[in-house]
Amino acid sequence: MNLYPSSLRFVVNGEVLQPQRVEDFCGLDKTIRFFPTRRGRRIGCGIFGIAERDYPVDPSLCGVLICTYGKVVKGDLFNQFPGPMGPRIFGMVEVPGLIHFLTTSKADFTRRGKPRDFEELYSPIRQKFQEWLREVGIQTLETSTPDEAQRLEREIRRLVEDVPELGEFFGFRGASVKTLIYVPDEGGSTPAETEMGASATFPEPDTGESELNPGPTDVGEGQGVALVPSRDSGSISSSPIGRKSRRGPKIAFIEAPERDELGWVEGSNVIVNTGHPSYKKVRSNSSARTVLSLFSIAQAIQRFLADADRVDLLFSDRMMKAWGKK
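Just so you know, we're using UniProt numbering here: the sequence shown kicks off at 1 and counts up by one.
These are computed hints drawn from the structure, not numbers from a lab.
Note that the Cβ used here is the ideal one computed from N, Cα and C, for glycine as well.
Quick list of simulated restraints, FRET-style, between CB atoms:
hint, residue 1, residue 2, range
1, E23, E155, 43 to 49 Å
2, P5, R134, 36 to 42 Å
3, I32, R116, 24 to 30 Å
4, E23, R154, 44 to 50 Å
5, Q139, P277, 22 to 28 Å
6, G188, K74, 39 to 45 Å
7, E131, P96, 21 to 27 Å
8, P5, I99, 15 to 21 Å
9, G187, Q139, 44 to 50 Å
Straight line, CA to CA, 25 Å or less: simulated DSS-like cross-link-like pairs of lysine-lysine:
hint, residue 1, residue 2
10, K71, K106
11, K250, K280
12, K74, K114
13, K326, K250
14, K114, K250
15, K74, K30
16, K321, K250
17, K74, K106
18, K71, K114
19, K250, K325
20, K321, K281
Use the sequences and the hints to build the structure in full.
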């Protein structure tokens with residue numbers, strides 16, 4: 001990253017530490033080196049691998065070590081819960097831009113009122129880690145309940161008008177919201193570039209059909225790429241068309257009995273903790289499970305907004321009131 005001169009050395013107890021490969025020092029296997037990107041530009045560099053022993057550096061430093069300007073800030077497994085393989089998973093990722101989100105203690109990150117800017121730096125690391133886990137065959141503890149998740153997402157989209165923070169800070173869109181999707185067009189006047197992650201779109205009457213690309217995608221968390229306008233000189237000529245998009249956070253379920261939270265925000269996902277004793281108590285009652293899930297989501301978003309310097313102790317109350325009136 002050229003942050004420091006290549007001749008820089010550190011001295012510990014009178015001994016000069018010589019540079020060495022992370023793979024050799026930690027005994028890593030199944031490694032991958034990568035460059036996380038933001039809008040097509042590299043924002044850092046990193047490595048993931050599986051160590052030959054548990055906690056290859058120290059028990060207090062496990063998972064993926066997130067660094068900025070060479071300082072290790074925190075270790076993170078991005079709530080993937082890889083089971084017994086967890087202590088052997090090791091990674092290091094350097095992202096200089098994260099220096100703007102350091103807490104005063106420099107031991108964690110805060111969104112500082114700019115959660116989307118933070119996620120543009122953090123989310124590419126999380127996505128690459130999830131891809132790498134799948135590639136090396138490590139199973140995580142995330143559960144799959146797509147039908148229930150979609151029902152909850154529909155319920156929340158109905159609340160956007162009454163609870164504007166859901167759209168303003170958290171990206172949920174009402175069902176009638178239109179958006180512009182960019183498609184390749186040799187005669188187009190908008191320079192664009194590709195961005196990893198895509199979401200399905202649906203045609204708008206009169207304006208949403210595209211003869212250039214029968215299935216244009218919006219930016220999202222799914223597989224594939226999407227076109228985004230470039231502030232600089234993008235390499236792809238494009239034109240906008242009107243579409244309906246499902247862009248916005250997704251609801252996911254993870255069984256994490258070791259955590260106290262009913263739910264939390266992870267990137268563009270709102271996680272409901274199915275391992276919480278309260279969830280287990282109402283699991284067999286569909287109505288009670290829905291109410292608890294919505295309350296868990298409200299609590300998770302309230303903490304998310306507080307971390308973004310937007311403290312509202314009544315957010316959960318307002319969201320549940322809006323849902324109760326529908």
